[in-house]
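Generate the whole structure from the sequences, applying the supplied hints.
Spelled out, the chains give:
Protein chains: 2
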Amino acid sequence: MKSLVEIGKSALKAKRELIKLGTKEKNEILLEASKALEENFEKIISANEIDLENGRKNGLKTSLIDRLMLNKERIFDMADGLRQIASLDDPIGEVIRMKTLANGLTIGQKRVPMGVIGIIYEARPNVTSDAFGLCLKAGSATILRGGKEAINSNKAIIQVLKEAIRKNGVDENIVQLVEDTSRESANEMMKMNGYIDVLIPRGGAGLIQAVVKNSTVPVIETGVGNCHIFVDESADFKMAKDIIINAKTQRPGVCNACESILIHKDIAKEFLPEVAKALKEKNVEIRGDEETRKIVEGVILATEEDYATEFSDYILAIKVVEGIDEAIEHIAKYSTGHSECIVTENYSNSQRFLQEVDSAAVYVNASTRFTDGNEFGFGAEIGISTQKLHARGPMGLRELTSSKYIIYGNGQIRG
Amino acid sequence: MKSLVEIGKSALKAKRELIKLGTKEKNEILLEASKALEENFEKIISANEIDLENGRKNGLKTSLIDRLMLNKERIFDMADGLRQIASLDDPIGEVIRMKTLANGLTIGQKRVPMGVIGIIYEARPNVTSDAFGLCLKAGSATILRGGKEAINSNKAIIQVLKEAIRKNGVDENIVQLVEDTSRESANEMMKMNGYIDVLIPRGGAGLIQAVVKNSTVPVIETGVGNCHIFVDESADFKMAKDIIINAKTQRPGVCNACESILIHKDIAKEFLPEVAKALKEKNVEIRGDEETRKIVEGVILATEEDYATEFSDYILAIKVVEGIDEAIEHIAKYSTGHSECIVTENYSNSQRFLQEVDSAAVYVNASTRFTDGNEFGFGAEIGISTQKLHARGPMGLRELTSSKYIIYGNGQIRG
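From first to last, the protein sequence lines are chains Y and V. Just remember that our numbering sits 432 ahead of the position in the first sequence, which is counted from 1. Just remember that our numbering sits 432 ahead of the position in the second sequence, which is counted from 1.
Don't read these hints as lab results, they were simulated from the structure. Fair warning: there could be bad hints in the mix.
[Said to hold, decoys possible] Here are the simulated DSS-like pairs of lysine-lysine, each with C-alpha atoms no more than 25 Å apart in a straight line: (1) V:Lys697 with V:Lys765; (2) V:Lys542 with Y:Lys445; (3) Y:Lys445 with Y:Lys594; (4) V:Lys670 with V:Lys714; (5) Y:Lys765 with V:Lys434; (6) V:Lys714 with Y:Lys765.
Here you go:
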């Protein structure tokens, strides 16, 4: 088993080979790898069965077992994912801006690979192939550190990927798996400045916070979404109801699902019973403030904590507000900065909401469920950033790159 | 004295006021503040004299005393700096890209303020006003934590700035000074996730590494520059010599000064004596490899450490290399990723160098001394990033911003 420092050194070597690869070469590897995943699906399923067996023995929750489970369909989906990445535009080499200065220097800013990207994730083995594909297309070497629950599946997938890479005559260490799945290895990985250029944690809030707190390598924080919908006085009721039902119930477990709705007081009496009925039909539990409880029967009193919680479940917090000021105030206080929406027909309020709400994605009259790399047209995503630095919102290939200045001179010296 | 949490809370409040300020209002504050600095220069000098007195008592080095010292000219330069920032284009509000999807959603990516920017710096009181000006123009609230040596100067400057802000009817907490200059306060500031969106350390390598190592808030690493110039076989000798002398001696103490030169072996015998003579005239000490020592007399043998060192002084490391491959290899091994240059007349080598050298600024035939926000035409800079995440190279106003997605819908829900 390679030590992390050895893995880091191999990644530094591999990244220099990657810098020289063109789009065609990268796509060839991706297509070869997708073919290899399909050809070797039985081998991967066998390895996955060991993980599933261990998981059941160790009393893993059913939802985790489901995430961990691979079948032919899921493996073919992973292969399709790689083919899709191959079809995307290559972000590397694009000159973002370029100009010639008075002294004759021509300065351009060019999109270049990040270098080495580390991914720390949990029990989803499909991340192994997805992250490899995205990082490769973005020109970076990848160090993957998946959860111990999926180690056998991950090893099998990596072996298949590496074989495809070698077939293309490229350094197989452009992707590496950390086989030591101890907590110590994760902590060591978070301190690998000089080897890893950026760390992206993918998983639950606990994992993400651990990486943010312990990492000295730059981190992109992803994920947690306490998303709000504010229904303004002038909202179209049917539109508001449809958006709320979609944002809450279409897939409640994901980060762009809605967790709290804010209702303008002047429409609360008319609108709330309507939306409460629709929510009840979808088995959504409502936790509301006193005003909501006056209007809708059987509503549990919402606590401070409820307003601050990403339920990821069929639970919705409701608050009746004075108007847009209180709505913006409430969102500033409780939001995690992921996605928020105003439903309104009022032009000025729509503009104020877009301007003053400080979240990665701010919507007028549309479901928060659209905050997603595929829906935004990026083709694929590595996660959704909720930090301000580097990338904010869905991260596609472009967000996995860095830039450098290239300067063409003819002997200029500084005076 | 406000606690750091109180400062953080005030900053969160102030940032929400800043989001609403237009370019005109921000410029008015900058111009008011620049006037106030000039009008109050004597008050600032008096406070600075206390710092200087304390510094002398505590045996501060002359170079540090010089950095700490303010006089009328330096204060008027600070005021000019703010006026210059007022004259720059406002980066906020620019829509970087925008498109309408098939489902009718119009999605735009808009440049928005970072929010709250923390600056940790040492004994240069001019940073107090420069950082305030840049962050304000970029729409962010600033928390400044300067060195204890400059505390009286910083307090006096902040007081003047705050008065100007109040005169414009804006929350004076858009800039705040951490008056507790203990190490504990710096460490506490590095953990203020939820209050501070990004921390930028400005100062020596020790300070920067401390912030990178201890901060849980996202950091932009600035500064250290072990810059290289590779003189290729086909180089114009006069151009190469001029560039080396400029990059090494025009201002040896700064991060974009050259620290090592690499000479193609086929021109070493002819070129090295020429450049050594010019360096000697500028009192530059040469530390070279065995090959260099064979050609130039009185050269100290360079150690591994010499090649890895940012001398920031009249010292230069030299190595004779086989050619561009070894040059790129050497740079990959020793460079800090700041600025590197190739002097060549060979087209293919120039392209390879630009492509394969992984530094923030890569030059063909020009001095590394140009890596600077002003020289690049950004108008002003907060520092030079040597990390890959978010910003790389000189950071102007644009690099102090974040972005958000704004989405215009008409009732879209996800299917």
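Item to check | Violating hint indices (sorted, rising) | outcome: Violated hints: 2, 6; rest satisfied.
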